[in-house]
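There are 4 protein chains.
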Amino acid sequence: MISKSKLHKLVHYSDHRAGKIFAFTIHILILISLFSFSLETLPNLTDTQYLILHMVETVIVILFTCEYLLRLYISKNKTSYIFSFYGLIDLLAILPFYLTSGVDLRTVRLFRLLRVLRIFKLLKYSKALQRFQRAFILVKEEMLLFGFVALITLYLAAVGIYYFEHAAQPEQFQSVFHSLWWALITLTTVGYGDMYPITAGGKLFTFIVLIIGLGIVAVPTGLIATALSQTRKEEQS
Amino acid sequence: MISKSKLHKLVHYSDHRAGKIFAFTIHILILISLFSFSLETLPNLTDTQYLILHMVETVIVILFTCEYLLRLYISKNKTSYIFSFYGLIDLLAILPFYLTSGVDLRTVRLFRLLRVLRIFKLLKYSKALQRFQRAFILVKEEMLLFGFVALITLYLAAVGIYYFEHAAQPEQFQSVFHSLWWALITLTTVGYGDMYPITAGGKLFTFIVLIIGLGIVAVPTGLIATALSQTRKEEQS
Amino acid sequence: MISKSKLHKLVHYSDHRAGKIFAFTIHILILISLFSFSLETLPNLTDTQYLILHMVETVIVILFTCEYLLRLYISKNKTSYIFSFYGLIDLLAILPFYLTSGVDLRTVRLFRLLRVLRIFKLLKYSKALQRFQRAFILVKEEMLLFGFVALITLYLAAVGIYYFEHAAQPEQFQSVFHSLWWALITLTTVGYGDMYPITAGGKLFTFIVLIIGLGIVAVPTGLIATALSQTRKEEQS
Amino acid sequence: MISKSKLHKLVHYSDHRAGKIFAFTIHILILISLFSFSLETLPNLTDTQYLILHMVETVIVILFTCEYLLRLYISKNKTSYIFSFYGLIDLLAILPFYLTSGVDLRTVRLFRLLRVLRIFKLLKYSKALQRFQRAFILVKEEMLLFGFVALITLYLAAVGIYYFEHAAQPEQFQSVFHSLWWALITLTTVGYGDMYPITAGGKLFTFIVLIIGLGIVAVPTGLIATALSQTRKEEQS
Chain A
123 MISKSKLHKL VHYSDHRAGK IFAFTIHILI LISLFSFSLE TLPNLTDTQY
173 LILHMVETVI VILFTCEYLL RLYISKNKTS YIFSFYGLID LLAILPFYLT
223 SGVDLRTVRL FRLLRVLRIF KLLKYSKALQ RFQRAFILVK EEMLLFGFVA
273 LITLYLAAVG IYYFEHAAQP EQFQSVFHSL WWALITLTTV GYGDMYPITA
323 GGKLFTFIVL IIGLGIVAVP TGLIATALSQ TRKEEQS
Chain B
123 MISKSKLHKL VHYSDHRAGK IFAFTIHILI LISLFSFSLE TLPNLTDTQY
173 LILHMVETVI VILFTCEYLL RLYISKNKTS YIFSFYGLID LLAILPFYLT
223 SGVDLRTVRL FRLLRVLRIF KLLKYSKALQ RFQRAFILVK EEMLLFGFVA
273 LITLYLAAVG IYYFEHAAQP EQFQSVFHSL WWALITLTTV GYGDMYPITA
323 GGKLFTFIVL IIGLGIVAVP TGLIATALSQ TRKEEQS
Chain C
123 MISKSKLHKL VHYSDHRAGK IFAFTIHILI LISLFSFSLE TLPNLTDTQY
173 LILHMVETVI VILFTCEYLL RLYISKNKTS YIFSFYGLID LLAILPFYLT
223 SGVDLRTVRL FRLLRVLRIF KLLKYSKALQ RFQRAFILVK EEMLLFGFVA
273 LITLYLAAVG IYYFEHAAQP EQFQSVFHSL WWALITLTTV GYGDMYPITA
323 GGKLFTFIVL IIGLGIVAVP TGLIATALSQ TRKEEQS
Chain D
123 MISKSKLHKL VHYSDHRAGK IFAFTIHILI LISLFSFSLE TLPNLTDTQY
173 LILHMVETVI VILFTCEYLL RLYISKNKTS YIFSFYGLID LLAILPFYLT
223 SGVDLRTVRL FRLLRVLRIF KLLKYSKALQ RFQRAFILVK EEMLLFGFVA
273 LITLYLAAVG IYYFEHAAQP EQFQSVFHSL WWALITLTTV GYGDMYPITA
323 GGKLFTFIVL IIGLGIVAVP TGLIATALSQ TRKEEQS
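Chains as they are written, first to last, in this note's numbering: chain A, 123 to 359; chain B, 123 to 359; chain C, 123 to 359; chain D, 123 to 359.
Isolated chain A (complex conformation) (with noise of 0.2 angstroms):
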């Protein structure tokens, strides 16, 4: 019989070819359960295909739950385990399945999707994700600024379009939280097409708009960027 100590190691430390294998295996099922819950929401599944995902997903759960009694066996602290955000989310995962099987309550399964933290977990140790925190600390302010900055300009790009469009448009401008949205598309230059001024007015103040919140809302992102390349840098040295 195995050791509770060689379980741990197994469970914990992934340094071995045993933990490597446990470790990969977890994530291939996650990955598994994440494809299997997309396949559900195809429409026009036939009956053999949705028992085909039941069974999948039934299987799937059922190794999460060994691997949650696996869990709770070898914590020294039961309820420690139990009440950590790793432990909640592990018993979210499979706990609805126990709970609603046979109803149909696909809301309650999207906290099997939670599982997909435990793959950021993976990251935890990974030198890149590190070196993005200190990144992330360096430009902090500077973030915050221009995340503040972006969204006084969304707001008066609303209120603004809003007063020359709504006159032309009352259908699309129906109010600051219509224009809100055509705010937040225009000026993350996404551009659906189903919202924009028709008015010389409208298209005067979007060319004004766009001229100025195009660097507000894209600065972060260079910063991010220049601050990493410093990171690294002073790691180098």
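Where hints are given, some of them may not hold.
The list cannot tell twin chains apart, which means a pair is met if one copy fits it or any two copies do.
Said to hold, decoys possible - Straight line, CA to CA, 30 angstroms or less: simulated BS3-like cross-link-like pairs of lysine-lysine:
no.: 1; residue 1: 325; residue 2: 262
no.: 2; residue 1: 262; residue 2: 142
no.: 3; residue 1: 249; residue 2: 355
no.: 4; residue 1: 200; residue 2: 131
no.: 5; residue 1: 198; residue 2: 142
no.: 6; residue 1: 249; residue 2: 128
no.: 7; residue 1: 128; residue 2: 142
no.: 8; residue 1: 131; residue 2: 249
no.: 9; residue 1: 262; residue 2: 249
no.: 10; residue 1: 200; residue 2: 142
no.: 11; residue 1: 355; residue 2: 262
no.: 12; residue 1: 262; residue 2: 200
no.: 13; residue 1: 126; residue 2: 325
no.: 14; residue 1: 131; residue 2: 355
no.: 15; residue 1: 355; residue 2: 198
no.: 16; residue 1: 355; residue 2: 128
no.: 17; residue 1: 126; residue 2: 200
Treat the hints as calculated values from the structure; they're not laboratory data.
Mind docking chains B, C and D on chain A? Use the hints.
Quick look at chains B, C and D alone, frame taken from chain A:
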């Protein structure tokens, strides 16, 4: 009774508790004012909802009036406060309410939005803003150059597409001014889809304009980001 | 009477008062010329408006002719001025007016737009432009490489989408050339919405193309920005 | 008669005149091949035009065959050339022509496009590419991290919008896979306008997704640019 000097400290210094609460309250009031202003633009408001919004507005304007009188009371030079930048904004934010009460002049109420500038005042002491200002001075010349070249590019793109598309789409590309709208929406990559070339010549022209123009329009953003990074480095050393 | 050498100073040196006024007047005339050119393209102009625009045009061309004759008069070597770059532009800007007066040849009048290049001449002494030129030389090789790879990427994206979408949308994706338009509008993220894949294969292909292609198309802009920052630093030290 | 070693020099070294001409001719042929391939996809070609294109194709394939035989003749180890990467590409580019002559198998002719890779071979000695490779290695870890996080972001954005919009637009947001297409087109800011949220919840969700997601998707580009700048600096010092 509270002394004048104590009130002065309350209003102008936010480094002690009472001052912080005062500044915080004012900023929250400004945000509530912005939000209620946006809510008023919603169509199909019931009478009750409109009444509530009007009451919120009245309360806010009264509080802003108190603040204005307080600031006037504590200022040593009354006239200099009244005609100062923030003094005028504070006045413009409340005056329309008293002058137009009863009359539905939405445009006049726009002045209340000017109070959003008070929030910008908050940023005056922010290190990030000072760094940003220094970075902007560093790249001012380049920004002017690129801004100017970008405007010329927009104009030439508009003239070009007008000659290619006017014959094929006289409704869309009516004049150089209508084409300028196309040039703006295309070169900022917003791309609403309300205007686009359909002739082979117009498409080829767009190809060339995008290859050359995207760089011109997008470089200024990158400039600010790298300048900020440089300013930050100089600060550290 | 004003001496020839004084006129020479007036036209060619803008570091004293008279020279500044002369240069400023010419640039304002060029801008008025651009603006009246754009106004003429407006549809539904009344006869009076058209007459005014024609008069403005006549006055501008007469002033440009005076300037041309003045430049010719003060130049030591007449032939070398006539066949110089700016000499030819100055001539092309006025010649069509005399040759086609009465005839409505809009295209010929396009030559007047060439005078916009005179504005670029202004920038010749600008420090920012010189820095930009040095930065461009610094990254010339990378720009060529990315420009070339970007063109190949556009081509391969067009061929790919043609094979995925031609059968489903023969009207939209008629040929590789039509698909090239899609590739350009997608990879520059303009996204007009006049052409987009509807098959699952085409969408998956777009996914891959965007993930790879966006970097290739967007990197050159970042290159110029970082190179400018480097050039500025070298200048300071 | 030309010796084998001379032919070897002709084909493999482009630092003397004859070698340069040989390499240049091959690349021009590849470009003509790409262009005639594209022309063939045009609809409504007349019989004469189709005949000319077929002739151009035949001539090009014959010339490519000569080149293949020449490369085979001069290589010391015949089998190693045949099964080398470029040997297989050269063969795949000509083989379909002989096998399917008469048969209209456009897809098979796609292999000829593989010859475009020969152009990439040209870049092998380019300093800019080497610098780019070093820059890429420098930021490989960050690229992987951001690439992975970007994929997760796309997936979660798709699941989220599916839950908000599926009820309101069952035709557009049919499944998580359909929503993934929306997530891709929105987060890359292409914004075709074929799918967009219409519910208030969906719009608010898009707001949050764009604010967070744009940075994640756009950072890798900035990373490459700053890394290239660093590599260039290290080279100079």
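Now the hints, each set against the structure:
1. 325 to 262: between (35 angstroms within a copy, 27 angstroms between copies)
2. 262 to 142: between (35 angstroms within a copy, 23 angstroms between copies)
3. 249 to 355: both (14 angstroms within a copy, 22 angstroms between copies)
4. 200 to 131: within (17 angstroms within a copy, 54 angstroms between copies)
5. 198 to 142: within (22 angstroms within a copy, 46 angstroms between copies)
6. 249 to 128: Within. Shortest intra-copy distance 28 angstroms satisfies the 30 angstroms Cα cut-off; inter-copy 52 angstroms does not.
7. 128 to 142: Within one copy only: 14 angstroms inside, 56 angstroms across.
8. 131 to 249: Close inside one copy (23 angstroms), not across copies (47 angstroms); limit 30 angstroms.
9. 262 to 249: Classified as both: same-chain Cα gap 20 angstroms, cross-chain 11 angstroms, threshold 30 angstroms.
10. 200 to 142: Answer is within: at 24 angstroms inside a copy they meet the 30 angstroms cutoff, but 44 angstroms across does not.
11. 355 to 262: Answer is both: 19 angstroms inside a copy and 15 angstroms across each meet the 30 angstroms cutoff.
12. 262 to 200: neither (37 angstroms within a copy, 40 angstroms between copies)
13. 126 to 325: Close neither inside one copy (70 angstroms) nor across copies (49 angstroms); limit 30 angstroms.
14. 131 to 355: Neither way: residue 131 and residue 355 sit 36 angstroms apart in one copy and 44 angstroms across, limit 30 angstroms.
15. 355 to 198: neither (42 angstroms within a copy, 47 angstroms between copies)
16. 355 to 128: neither (41 angstroms within a copy, 49 angstroms between copies)
17. 126 to 200: within (14 angstroms within a copy, 61 angstroms between copies)
Checked against the numbered hints above, the structure violates hints 12, 13, 14, 15, 16; every other hint is satisfied.
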